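Use the sequences and the hints to build the structure in full.
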Amino acid sequence: MPTDATSPYVLELRDLTVDYGGVTAVDHVSLRVPRGEVLALLGPSGSGKSTLLHTVAGFRPPTRGEVWLKGRRVATPERAEPPERRDVAVVFQSYALWPHLSALDTVAYPIRRKGSRRRTAREEALDILDRLRIAHLADRRPAELSGGEQQRVGLARALARQASLYLFDEPTAHLDTHVRGVFLDQLVVRREASGAGGLYATHDAEEALGLADRVALLNAGRLVQLGTPQQVYAEPVDVWAARLTGPASVLEAAVLGAGGGRCAVSIAGKVVTVEGSADTSVRDVVPLLVRPGWAHLGGELRGRLQSVRFRGPHSDHVVETAAGNLLIREPGPPRQVAGADVTWTLSRTWPLERPLKSPDSTAQPPLVQL
Amino acid sequence: MPSRPAGLGWRFGVLAVGAIIALLVALPVFRLVYVVWTEGSASLHEIFGRPGLGEAVVNTVLLAAAVTVVAVPMGTLVALGLRRADVPGRRWWRFALLLPVLVPEFVLGYSWTQAYGRAGFTDTILGLPWPSVLGPWGVWAVLVVNTVPLTYLFAAVGLATRAEPNLERAARASGAGAASVLRDVTLPLLRPSIAAASVLSFVLTLGSFAIPQVMGTPAGFGTVTTRIYRDLSLGSDPLSFVEALALALLLVAIAVVVVLPADLWLGPRLRITRVAHPEGAPIVTSRGGAGRWIAAGLGGYLLLGVVVPLIALLAAAVTPAVGVSPSPSNWTFDNFLLVLTSRNAEALGRSAVLAFAAAALLTLLGGCVSVLERRRAGRAMASLVTLTLVLPGSTLAVALLITYGRWLGSGLALILLAYLAKLWAFAHRPISGALDRLPPGELQAARASGAGALTAARTVALRPLAPALLGAWLICFVTALHEVTMSSLLYGPGSETLAVVVLNSQELGRIGPTAALSILLTLVILVPAVPLWMLIRWLRSPRRVRGGARSRSLAHAH
Numbered sequence: 001m002p003t004d005a006t007s008p009y010v011l012e013l014r015d016l017t018v019d020y021g022g023v024t025a026v027d028h029v030s031l032r033v034p035r036g037e038v039l040a041l042l043g044p045s046g047s048g049k050s051t052l053l054h055t056v057a058g059f060r061p062p063t064r065g066e067v068w069l070k071g072r073r074v075a076t077p078e079r080a081e082p083p084e085r086r087d088v089a090v091v092f093q094s095y096a097l098w099p100h101l102s103a104l105d106t107v108a109y110p111i112r113r114k115g116s117r118r119r120t121a122r123e124e125a126l127d128i129l130d131r132l133r134i135a136h137l138a139d140r141r142p143a144e145l146s147g148g149e150q151q152r153v154g155l156a157r158a159l160a161r162q163a164s165l166y167l168f169d170e171p172t173a174h175l176d177t178h179v180r181g182v183f184l185d186q187l188v189v190r191r192e193a194s195g196a197g198g199l200y201a202t203h204d205a206e207e208a209l210g211l212a213d214r215v216a217l218l219n220a221g222r223l224v225q226l227g228t229p230q231q232v233y234a235e236p237v238d239v240w241a242a243r244l245t246g247p248a249s250v251l252e253a254a255v256l257g258a259g260g261g262r263c264a265v266s267i268a269g270k271v272v273t274v275e276g277s278a279d280t281s282v283r284d285v286v287p288l289l290v291r292p293g294w295a296h297l298g299g300e301l302r303g304r305l306q307s308v309r310f311r312g313p314h315s316d317h318v319v320e321t322a323a324g325n326l327l328i329r330e331p332g333p334p335r336q337v338a339g340a341d342v343t344w345t346l347s348r349t350w351p352l353e354r355p356l357k358s359p360d361s362t363a364q365p366p367l368v369q370l
Numbered sequence: 001m002p003s004r005p006a007g008l009g010w011r012f013g014v015l016a017v018g019a020i021i022a023l024l025v026a027l028p029v030f031r032l033v034y035v036v037w038t039e040g041s042a043s044l045h046e047i048f049g050r051p052g053l054g055e056a057v058v059n060t061v062l063l064a065a066a067v068t069v070v071a072v073p074m075g076t077l078v079a080l081g082l083r084r085a086d087v088p089g090r091r092w093w094r095f096a097l098l099l100p101v102l103v104p105e106f107v108l109g110y111s112w113t114q115a116y117g118r119a120g121f122t123d124t125i126l127g128l129p130w131p132s133v134l135g136p137w138g139v140w141a142v143l144v145v146n147t148v149p150l151t152y153l154f155a156a157v158g159l160a161t162r163a164e165p166n167l168e169r170a171a172r173a174s175g176a177g178a179a180s181v182l183r184d185v186t187l188p189l190l191r192p193s194i195a196a197a198s199v200l201s202f203v204l205t206l207g208s209f210a211i212p213q214v215m216g217t218p219a220g221f222g223t224v225t226t227r228i229y230r231d232l233s234l235g236s237d238p239l240s241f242v243e244a245l246a247l248a249l250l251l252v253a254i255a256v257v258v259v260l261p262a263d264l265w266l267g268p269r270l271r272i273t274r275v276a277h278p279e280g281a282p283i284v285t286s287r288g289g290a291g292r293w294i295a296a297g298l299g300g301y302l303l304l305g306v307v308v309p310l311i312a313l314l315a316a317a318v319t320p321a322v323g324v325s326p327s328p329s330n331w332t333f334d335n336f337l338l339v340l341t342s343r344n345a346e347a348l349g350r351s352a353v354l355a356f357a358a359a360a361l362l363t364l365l366g367g368c369v370s371v372l373e374r375r376r377a378g379r380a381m382a383s384l385v386t387l388t389l390v391l392p393g394s395t396l397a398v399a400l401l402i403t404y405g406r407w408l409g410s411g412l413a414l415i416l417l418a419y420l421a422k423l424w425a426f427a428h429r430p431i432s433g434a435l436d437r438l439p440p441g442e443l444q445a446a447r448a449s450g451a452g453a454l455t456a457a458r459t460v461a462l463r464p465l466a467p468a469l470l471g472a473w474l475i476c477f478v479t480a481l482h483e484v485t486m487s488s489l490l491y492g493p494g495s496e497t498l499a500v501v502v503l504n505s506q507e508l509g510r511i512g513p514t515a516a517l518s519i520l521l522t523l524v525i526l527v528p529a530v531p532l533w534m535l536i537r538w539l540r541s542p543r544r545v546r547g548g549a550r551s552r553s554l555a556h557a558h
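If you're matching them up, the sequences are chains A and B in order.
If you read the first sequence in the numbering used here, its first letter stands for residue 1, the second for the next number, and so on.
If you read the second sequence in the numbering used here, its first letter stands for residue 1, the second for the next number, and so on.
Fair warning: there could be bad hints in the mix.
Only some residues are given here: those of chain B computed to face chain A with a beta carbon under 10 angstroms [what the hints assert, rightly or not]:
#1 ALA160
#2 ARG162
#3 PRO165
#4 GLU168
#5 ARG169
#6 ALA173
#7 GLY175
#8 SER180
#9 VAL185
#10 GLU346
Not close to chain B: a few residues of chain A, all C-beta gaps over 12 angstroms, as computed [said to hold, decoys possible]:
#11 ALA108
#12 PRO110
#13 ALA193
#14 ALA234
#15 VAL271
#16 THR273
#17 HIS296
#18 ARG311
#19 SER315
#20 PRO331
Pulled from the structure, derived: some chain A residues nowhere near chain B, Cβ distances all over 12 angstroms [stated by the list, open to error]:
#21 ARG14
#22 LYS114
#23 ARG122
#24 GLU123
#25 GLU252
#26 ARG309
#27 ARG348
It should be emphasised that the hints constitute simulated quantities derived from the structure, not laboratory data.
This one's a predicted model, so the numbers in the text were calculated from it and none came from an experiment.
For glycine and all other residues, C-beta sits at the position ideal for the given N, C-alpha and C.
Structure follows, in structure tokens:
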């Protein structure tokens, strides 16, 4: 297989298509993961995240396109290297721990496969368990471990592989924040030492935005958007992407002009100038994305408070406006009761220039996520 | 499942089932022990000194060991091979491998003698006879062919329930090659299934009668079961009777000695609750030619083991006499016409009614035990029922005969009792397995939605259980129809089953009519089996269960 040792990418997908069970699960996806980067694959269940991951790991051959790992072509439709010869480690959905092996032997397994003697492998494994603070569980089998402990053993096994690419196949319960911290620390060490990268499949936006350097949005096998967490959150390409990446209200309003990072929009006859960039040629009514923190109660625009929810650190207010329903998040307890007439201000927006697929989606109350 | 104090109905159920087990199994076995103890203790020394007896015991144990040692690895290999996605016609092979089970075992044995023996099929056509097909080697080979479907099923179920694909993928992603994964992950995960298959294969071979009788006895190769048959059918002296009783007891003693340690070790390991992937998904799709080789190997095995013998049987049935070449010009239906007598028709009717009734009662009994074992109080029942697997048919038949023979005579009632006792475990296993797979939440949800216990069972549990219930019925029907070990010991004038008629005809050496009868007996099961099998498939097809929702979600999935 051709190699390019100088490649700056730990993973490169070139026009990858994977058919699975009569469905195109991954559809012409091209992307690159540079050394030291964690890329999150964010998509609803059935969007092809797992299939993509399995193709990278070597459990499934591509139908079209190529997979390159660290500048080495490892999979084409004609020839796919088996997983054990690829430089990848996998953290599985529900951990996939071997029921007949102790935690220590589980973690020692990848080290043994590299040719180490049993003793050395166990010593190294114990060291990894220690770093994840579960050395005291070394002799336990999976049935004797709690869910969180199993998760750590699964991570330890992946770390023991010393791979240049770590694949996370939707760890079912999301990673325990503490474990995630410890693991990312370990990954950082690896990144600095060897430039390892990560590919993290999840359907949880908060998780994806919180841990990844960049996020790839997948819908029905297609790559919809690729960008930093801030980009995909603040500037999603369409309504679907906006709703996937977090709480989103969509107003219908005309953009009158834009420039210098600000734009003028007309809402219910009133023209307001807010933060946000837009194509100046847009003059028609377009869907405008408003994130919960981009609008505030009080000001010149009018609306009616449809519902209020107290959420602890903040309260969510759903305001019925002439342009559509709007979620406004204010710190502290609710200040108004449902049904009251309120005023509000818009401070920022993002025009979703593509036309809406279903005309009634603006009339729907916004998807409010906890 | 939540356990609450056992109610009155529950306690009654446990008592009733316990009483049936006591009457069907425990009492007869105790009676057997008692009779051997009182009548035989004086002559035991004399009995065990009789010529050929020690040899029969050694033969039996060696045969059981030799069959197990070959059939278990073969079944496991086949199950592993059929997991590969690149085997052409995977679904079809899974079904074809179970074919030997649909042929009565003594018919299979008999057809082997017709295929490979002197003046047999290969001898006539190719001049290649295999004289030792009559004798220990032939008995061993046919028993292996007869046992492989069972060991294959155990390994396949074990793979589907224990070897979750991700466990093997995790090993591959840890740097293990295909061979290491097999050694380090797959086989260790399969160990309980393999052990269970070994125990069952050993015990079933120990109690097997028809194949040694058809293929071993003519060559002077005797086993414990054929000796019991000889003692009871041909022996006239009282000592032969006591010898049969003693041998029946010895047989179960050997079985217990093997099973007890295995059961102690396996007991907790055999509890399966989750089914990872019923199809046993391929782990890594590779594009080698291996799949084609596996298919070729399976094809060769089925061809030599089942297809050629059955063709030879058919040839023997349509040729007028031994030595006549089986070419189309010589074909005749005389043999079929010859066996279509009113006596044989009556025997067929008896067999059908008996098997039908036994299967219906067994499904009911198996269902009762499966439900009762959900609670602690009923768990002992299930263990007892599973233990009856260890009882060889010959032992059971002899024990029932000396316990109830004087009231029931030798007849259909006694044979029915024997079927119930012997096949209870066969009915219990599939139903219990299906109940295990039924998510407890579904019944609770029905109860919480306002359904009473019975309504909940009828509306929510019956549909998913239907394939298992029908399957259990079918297994019992087929096994009862083919049963010859116990029927041949228990039948009397006017109560022969068709299987017994075939066995007797074979012993008289009438090749053509025997072959014709064998074919009829084999085909009879198609009458209920084909529609039932189609019904089960229809019930199991996911489209029916989940309706349009599944096909819609499939369009988005993956």
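Hints, verified against the model:
Residue-level restraint check for ALA160 of chain B is violated (minimum Cβ-Cβ distance to chain A is 15 angstroms; threshold 10 angstroms). Annotation: ARG162 of chain B was flagged as interfacial toward chain A, and the flag holds, the nearest CB pair being 8 angstroms apart, inside 10 angstroms. Taking 10 angstroms as the C-beta contact cut-off toward chain A, the hint placing PRO165 of chain B at the interface holds, the least distance being around 8 angstroms. A distance limit of 10 angstroms between C-beta atoms decides the matter here; for GLU168 of chain B the minimum to chain A is near 9 angstroms, and the interface restraint holds.
The interface hint given for ARG169 of chain B holds, since its Cβ lies 5 angstroms from the closest Cβ of chain A, which is under the 10 angstroms cut-off. Annotation: ALA173 of chain B was flagged as interfacial toward chain A, and the flag holds, the nearest CB pair being 4 angstroms apart, inside 10 angstroms. Given the 10 angstroms rule on beta carbons, the hint for GLY175 of chain B holds: about 4 angstroms separates it from the nearest Cβ of chain A. Residue-level restraint check for SER180 of chain B holds (minimum Cβ-Cβ distance to chain A is 7 angstroms; threshold 10 angstroms).
Checking VAL185 of chain B against chain A by beta carbon gives a least distance of about 6 angstroms; that is within 10 angstroms, so the hint holds. Look at GLU346 of chain B: its Cβ only gets to about 54 angstroms from chain A, farther than 10 angstroms, so that hint breaks. Here ALA108 of chain A does not stay apart from chain B, with its beta-carbon only about 10 angstroms from theirs, under the 12 angstroms limit. Separation of PRO110 of chain A from chain B is inadequate, the least Cβ-Cβ distance of about 4 angstroms not exceeding the 12 angstroms criterion.
Every beta carbon of chain B lies more than 12 angstroms from that of ALA193 of chain A, the smallest distance being close to 19 angstroms; the non-interface claim holds. Consistency note on ALA234 of chain A: stated as away from chain B, and its beta-carbon is indeed over 12 angstroms from all of that chain's, at 28 angstroms minimum. Residue-level check passed: VAL271 of chain A sits 42 angstroms from the nearest beta carbon of chain B, beyond 12 angstroms. No Cβ of chain B approaches the Cβ of THR273 of chain A within 12 angstroms, the least distance being about 41 angstroms, so the stated non-interface status holds.
With a least CB separation of 38 angstroms from chain B, HIS296 of chain A remains clear of the 12 angstroms interface cut-off, as annotated. No Cβ of chain B approaches the Cβ of ARG311 of chain A within 12 angstroms, the least distance being about 30 angstroms, so the stated non-interface status holds. The Cβ of SER315 of chain A sits about 34 angstroms from the closest Cβ of chain B, beyond the 12 angstroms cut-off, so the non-interface label holds. At roughly 39 angstroms from the closest C-beta of chain B, the C-beta of PRO331 of chain A stays outside 12 angstroms, upholding its exclusion from the interface.
With 12 angstroms as the threshold on Cβ separation, the claim that ARG14 of chain A sits away from chain B holds: the shortest Cβ distance comes to roughly 20 angstroms. Listed as a non-interface residue, LYS114 of chain A fails to keep its Cβ farther than 12 angstroms from every Cβ of chain B; the least gap is roughly 6 angstroms. Taking the minimum C-beta to C-beta distance to chain B, about 15 angstroms, the non-interface status of ARG122 of chain A holds against the 12 angstroms cut. With a minimum CB-CB distance of about 17 angstroms to chain B, GLU123 of chain A clears the 12 angstroms threshold, and the non-interface call stands.
Look at GLU252 of chain A: its CB is around 28 angstroms from the nearest CB on chain B, clear of 12 angstroms, so calling it non-interface holds up. At roughly 28 angstroms from the closest C-beta of chain B, the C-beta of ARG309 of chain A stays outside 12 angstroms, upholding its exclusion from the interface. The Cβ of ARG348 of chain A sits about 33 angstroms from the closest Cβ of chain B, beyond the 12 angstroms cut-off, so the non-interface label holds.
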